[in-house]
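Quick note, the sequences are listed as chains A and B, same order.
Number 118 in the UniProt record's numbering belongs to position 118 of the first sequence; there are no gaps in the numbering.
Number 50 in the UniProt record's numbering belongs to position 50 of the second sequence; there are no gaps in the numbering.
Calculated directly from the structure, the hints in this document are not laboratory data.
Some hints could be false.
[Unchecked claim] Straight-line Cα separation of at most 27 Å, BS3-like style, residue types lysine-lysine; simulated pairs:
#	chain 1	residue 1	chain 2	residue 2
1	B	91	A	119
2	A	90	A	105
3	A	142	A	119
4	A	105	A	142
5	A	119	B	2
6	A	105	A	27
[Claimed, not checked] Rough simulated footprint, nothing fancy, chain B against chain A, three-plus residues with beta-carbon under 8 Å:
#	stretch
7	63-75
8	129-137
We treat Cβ as the ideally placed atom computed from N, Cα and C, and that holds for glycine.
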Amino acid sequence: MIAIRPAEPADLSAISALDARLTGQAKAIYWQETLARYAGGPPERHFLVAETPKGGLVGFIAGEVRAWEFGQPPAGWVFAIQVDPRLRLKGAGSALFEALAARFKAQGVTHVRTLVDRKDHLILSFFRAQGMVAGPSLQLDKALS
Amino acid sequence: MKLQTATRLGLYATLELARDPTQTLSSADLAERFGVSTHSLAKVLGTLSAAGLVQGGRGASGGYRFTGNRRRTTLMDVVALFEPAPGNRAKEPGEDTEIGAALQRVLTEIDEIAEATLRSVSLETLLGSSCAG
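The following block holds chain A by itself, in its conformation from the complex:
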């Protein structure tokens, strides 16, 4: 059984280690700063972890309600989600997403959004399976030479 709870400063090393293992990039300072801003931060910010009954980290999700981001009405934005590959397909990712979406909904927003690398089929498929579809914005990009 997987339990979802708000992240705490003591989760830093496990979160940082899981992310480093999955992305190949150690970002300890980034996660330390993010946890400091989100864990116990303003009510519109959320950082949740999923853990095993023995307290092992299964995954985490972070997001916040942002108002008028890119001209859009307030919406919940998911900006990070990771699940330990050894513990995937057990519903942890969905449980994290649903828990975050419930918090967004409780704050009165009607939409949840995120940005995904279009070549990252795994995470795209995950968000699709949660019912997400193309949103109202298109991301544009230009290389600066």
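Take the given structure of chain A and dock chain B to it, following the hints.
Relative to the frame of chain A, chain B by itself:
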């Protein structure tokens, strides 16, 4: 996005059979549902069968059933069986001109977004949303 008729039929047949993997439907049943001839569907079912997505029984009463993995198979997996891969597309007249190349960059951008979308939707996800909605 414009899909060839065979691609659309391939998606219809795969999704119809994947809706209930225990069911067996004849090519005539499927053709009737989609309003096409059994002749049009025969080659499509052959392609799906060769890819391991469906399995056809023998004899006049033999039907087709879904044998793929609903969670692992994406819409792009089916589309790729019928449409040329993006890299194998035949060059269109005028593409070598400056304007043709600029236009092609826009069309490639559209294709990449379409492919990412098709690759992100599994049969399970699509059937789940169609049942819910």
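Can you name, in rising order, the numbers of the hints this structure does not satisfy? Violated: hints 4, 6, 7.
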